[in-house]
Amino acid sequence: MNSTLHLVQQEVPLAWYLLLSAVLFCLGVVGFLIKRNLITVFMSIELMLNAVNLSFVTFAHQWHDVKGQIFVFFVMMVAAAEAAVGLAIIIAVFRARATLAVDRIDLMKL
Amino acid sequence: MNVNLHLWLIPLLPFAGFLFNGVLGRRLPKAIVTAVALLAPLASLGVVLNAVLASTSSAILPVTETCPLRWIDAGSLHVNFSFVLDQLSLVMLLVVTGVGFIIHVYSVGYMSHEDGYWRFFSYMNLFMFFMTVLVLAGNALLMFVGWEGVGLASYLLIGFYFQRQSAADAGKKAFIVNRIGDFGFLIGLFLLLANFGTLTFSEIAARLAANPGWTGGILTAIALCLLVGATGKSAQLPLYVWLPDAMEGPTPVSALIHAATMVTAGVYMIARTHFLFDRSPFALSVVAIVGAATALFAATIGLVQNDIKRVLAYSTISQLGYMFLACGVAAYSAAIFHLMTHAFFKALLFLAAGSVIHALGGEQDLRKMGGLRKHIPITFWTMTAAVFAIAGFFPFAGFFSKDAILYAAFLQGSGGKMLWFVGLVTALLTSFYMFRLWYLAFMGESRSRDVHPHESPWSMLGPLVILALLSVSGGWIGISRFGAYLAPSVGAREGEGGSFQLEVLLGILAVAVAAIGWFIADRFYRQRPESPAQLAASVPAGYKLLANKYYADEIYRATLVRPLLAISKFVLEWVVDVAILGGIAWLLAGIATFGGAILQRWQSGNLRSYAAWLALGAAALLLFVLFPHVWGASGIDIKLAGH
Chain A
8 MNSTLHLVQQ EVPLAWYLLL SAVLFCLGVV GFLIKRNLIT VFMSIELMLN AVNLSFVTFA
68 HQWHDVKGQI FVFFVMMVAA AEAAVGLAII IAVFRARATL AVDRIDLMKL
Chain P
1194 MNVNLHLWLI PLLPFAGFLF NGVLGRRLPK AIVTAVALLA PLASLGVVLN AVLASTSSAI
1254 LPVTETCPLR WIDAGSLHVN FSFVLDQLSL VMLLVVTGVG FIIHVYSVGY MSHEDGYWRF
1314 FSYMNLFMFF MTVLVLAGNA LLMFVGWEGV GLASYLLIGF YFQRQSAADA GKKAFIVNRI
1374 GDFGFLIGLF LLLANFGTLT FSEIAARLAA NPGWTGGILT AIALCLLVGA TGKSAQLPLY
1434 VWLPDAMEGP TPVSALIHAA TMVTAGVYMI ARTHFLFDRS PFALSVVAIV GAATALFAAT
1494 IGLVQNDIKR VLAYSTISQL GYMFLACGVA AYSAAIFHLM THAFFKALLF LAAGSVIHAL
1554 GGEQDLRKMG GLRKHIPITF WTMTAAVFAI AGFFPFAGFF SKDAILYAAF LQGSGGKMLW
1614 FVGLVTALLT SFYMFRLWYL AFMGESRSRD VHPHESPWSM LGPLVILALL SVSGGWIGIS
1674 RFGAYLAPSV GAREGEGGSF QLEVLLGILA VAVAAIGWFI ADRFYRQRPE SPAQLAASVP
1734 AGYKLLANKY YADEIYRATL VRPLLAISKF VLEWVVDVAI LGGIAWLLAG IATFGGAILQ
1794 RWQSGNLRSY AAWLALGAAA LLLFVLFPHV WGASGIDIKL AGH
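Chains as they are written, first to last, in the numbering used here: chain A, 8 to 117; chain P, 1194 to 1836.
Calculated directly from the structure, the hints in this document are not laboratory data. The structure presented is a predicted model; accordingly, all values stated were derived computationally and were not measured. Glycine residues also receive a C-beta, built at the ideal position from the N, C-alpha and C atoms. Be aware that a few hints might be false.
[To be verified] Simulated pairs of lysine to any residue, SDA-like, Cα-Cα distance not exceeding 25 Å:
(1) Lys42(A) to Gly1810(P)
(2) Lys42(A) to Ala1812(P)
(3) Lys42(A) to Arg1794(P)
[Claimed, not checked] Sample of chain A residues lacking proximity to chain P, with all beta carbon distances greater than 10 Å (derived):
(4) Val30
(5) Leu31
(6) Asn57
(7) Val64
(8) Ala67
(9) Gln76
(10) Phe78
(11) Ala87
(12) Ile98
(13) Phe101
(14) Ala103
Could you build the full structure based on these sequences and the hints that come with them?
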């Protein structure tokens, strides 16, 4: 076992990482729910994704399993793609409707 | 001996005619429709005549032809498309295709100005198809197919002028009343199947022949069920009410279906299943009583009717009663003999009446006729032959067959004497009302205004002349030869104490009675034309009773139709349909609508509300998964912090 990592683990308990992850995730959720600007909502999604990434890394470290870190790469890759597509959609929406208020983009219903 | 008579062509040729005219007739010129419509029954007649020739040159009857394809093959039940040609079906086929073809020819002239010419002839060919299936059927189920089919053709043709409410109603009435009879027939079929395990006539007959002691009981039940079917189709009491109304159809239809062929199907069916009736004296006496009662009942109504076709309709019912009477005394060959001669003279009567109606431009009321003798002589003379035939004058056809029936009834013990007497009274009434019609239509002065009667075209007169010749000579074959010919099919009647002298005596008596009827009609309608009204005025109650046909329709309406309609309305429509079925449907629809209205609110289109539901769902899922661990028996503590 790597002694440096062991030292870090000693200094900051695992639960703290997880708590931080949970707090970040909840901030993302709340931001998603209460913010009206589409870009802010979009950023909230990124926040949630990264909160999850933090948990992945934490658990990977805890269980000495590299799979969690691999998952993080996947998530980052998807997030990057999503950012590209999402921002494009946002620009298209703004051009079409001249607004980014989420409450007014409500035509996608039956 | 093995000969191929191609019996299957007899029904299928008219069916091909029906399909051709029914599908293409609307777009084709009249000449082609006519040619197809006439050739189909003519070809059938040719096949029948070929069979007649083949069967007279050598004794080949009965011939059975079975379609190689099984029709029904379920468990122990096997039913084939099998046609049987024996003496009985051969005679019947001759009548059906022969008279049928003649009436087709007549219809060409009669219907030439009508709309729906092609429709008329396709229906007529359809009728010929089903009627020949009925006659040829080798088993009771195939016969039932023909039986229902002629009912359908009858319904279509009665309602031919369907724009007229009365015609449409008459069609429905005929169909519904026949349905009651058919119900009896069906139950009879089920009983046959349950007790014999087969519906093939020859097998049933063989089974009965193997058990000579088997009488009464279930056989009586089967025979009575079949009788119910026969009373419906052959317009006997109490199911006769549809036939007078069936006169709403075109006159050739009345002649072919409602006089000559279809209505005699009941008589044919009883003769065909005579081996069942022979084993049940009770059922036979019911048949005889129904027949005699109908004969007398319908004849009395016929006395006072003023519509020329209705007089003939009631006379048809009455004559069918004679045939039932003959069946009831087990004189099946006499019944078929009368069926044949009746087909000749009654078809002639209807066709001549049609010629009269045609001449007067649609007038059917006898009170507005008169004096037609000079204007339409050929119709007059052919009609005269038919009137003498039905009244039973020697040597016209009706004399021989009616005499055979009365003679057979007379020999049937003491009850038979009663039947004979009823038959004799009916003969008197028949003679009277037929000569009444004759005098009112043809004699005296014209009572119609500004109508110039014209003789019909030869396509109509030709059939009249042919049928007139048959009405005169159709009975000359004599019942003894006819009975001997039919004996292999319907069994021979043993002579029970009859003698030639007795037969001659009864014959003279019958002719005397017919002459009395003529004499009374002559007195009433030629010598003193005012006397019928005086007689009617002197017994107003009796006259009204007859003129209103014993109020039979009113009684049926009050006791059967109204209650049935009321039950249909209240129980079936309101309770079952509206309340139960409709209620369930409304309930289901209501749940769906209500649920939809609520669920619809979720689909707001608002992104954040979707997200909120998503988050709530995720939270709920998480709670569901973690609940036992968090608040449960402290299974896994979240002691991830250290170890």
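* **Indices of hints not satisfied (ascending)** => none
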